[in-house]
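Quick note on numbering: UniProt numbering labels position 3 of the sequence shown as 3, and the sequence is numbered without any gaps.
Note that these hints are calculated values from the structure, not bench results. Keep in mind the model is a prediction, meaning the values are calculated, not measured. Misleading hints may appear alongside valid ones.
Ranges of calculated distance between the beta carbons of each label pair, as one might list FRET restraints [said to hold, decoys possible]: (1) Tyr174 x Leu14: 42 to 52 Å; (2) Ser153 x Val285: 25 to 35 Å; (3) Gly34 x Pro3: 21 to 31 Å; (4) Val15 x Phe82: 42 to 52 Å; (5) Lys139 x Cys231: 33 to 43 Å.
Glycine is no exception: its CB is placed at the ideal position from the N, C-alpha and C atoms.
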Amino acid sequence: MKPPEGFQNNNPNLVCRLKKTIYGLKEAPRAWFGKLAFTLASFGFVSAKCDNSLFIHFTANSITYMLVYVDDILITGNNVDFVQHIISKLNKLFPLKDLGKLHYFFEIEVKSLNDGKLLLSQSKYASNLLHKLKMQDAKPVKTPLATGCKFQSKGTEATEDPSLYRSVVGALQYLTITRPDLAFTVHKLCQYMHRPLQSHWKIVKRVLRYINGTRDHGLLFEKSNNLHIICYCDSDWAFDQDGMRSASGYCLFLGSNVISWMAKKQQVVSRSSTEAEYRSLAALVAET
């Protein structure tokens with residue numbers, strides 16, 4: 001940290017003692033969030049149990065949600081007047097810049113469709129990734145993983161640039177925020193970050209070809225009177241060729257909208273396909 005411009009210091013051996021946290025200190029983010037959380041609490045907001053960055057305000061006739069990421073804030077609710085009232089109160093305490101309706105937030109595109117549906121996608125993020133790797137003209141494939149493909153830590157030479165592999169797989173991992181169809185393959189690719197092989201890089205390129213044909217895919221949310229929880233799970237017994245552990249996967253729907261999914265290697269070796277299925281089911285039940 002440096003003293004502000006124009007500050008006169010006649011003794012170079014002395015340092016300035018701050019009376020409050022300022023931008024740039026490691027304590028600043030925590031101090032800012034604490035200040036904002038205290039302010040929202042005074043407005044009647046409560047922090048959600050699932051995420052302390054999500055604040056909820058309940059009244060007899062309205063509900064308002066506010067999502068905070070550092071100094072970026074999303075706010076929505078079923079009472080427009082109350083939402084504007086909260087924005088005005090915040091603006092008196094903290095200078096705000098109102099960006100209007102939500103269209104883009106942390107590489108996620110938000111589209112409101114004519115029939116009341118909401119589409120969350122990362123098509124721009126996917127396109128930038130393909131252009132970066134010069135695969136924007138690659139021939140698309142129908143699936144991210146070929147039938148019968150096996151992942152192994154031995155068998156082929158190591159990749160020429162392991163750091164590139166890690167960078168691309170990390171980017172693919174971020175893409176799974178709105179792409180459950182990539183979750184299983186990307187999860188498997190993440191297991192070989194320490195020593196990626198040519199065979200693993202070949203699978204990465206296939207995933208990129210699949211993305212090239214499905215750039216606009218994402219999560220579609222629609223209105224529904226049905227709020228039943230519907231779950232699906234599956235397992236692949238002894239899929240891991242190195243440790244013979246099985247893979248679990250599930251997806252959870254609220255009505256017709258998918259709200260949670262997972263693809264993960266099981267923690268222990270299942271001695272039968274039935275055991276693998278039950279472990280996958282147990283993981284799903286724990287999520288619900």
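Check your understanding: Would you say the C-beta atoms of Tyr174 and Leu14 sit inside 42 to 52 Å of each other?
Key -> 46 Å, holds
Check your understanding: That 33 to 43 Å hint for Lys139 and Cys231 (C-beta), does it hold up?
Key -> 36 Å, holds
Check your understanding: Per the hint of 21 to 31 Å, is the separation of the Cβ atoms of Gly34 and Pro3 within bounds?
Key -> For Gly34 and Pro3 the Cβ distance comes to about 26 Å; the hint holds.
Exercise for review: With 25 to 35 Å as the target window, see if Ser153 and Val285 comply at their CB atoms.
Suggested key: 32 Å, holds
Check your understanding: Taking 42 to 52 Å as the hint, is the beta-carbon distance of Val15 and Phe82 inside that range?
Key -> 47 Å, holds
Checked against the numbered hints given earlier, the structure satisfies every one of them.
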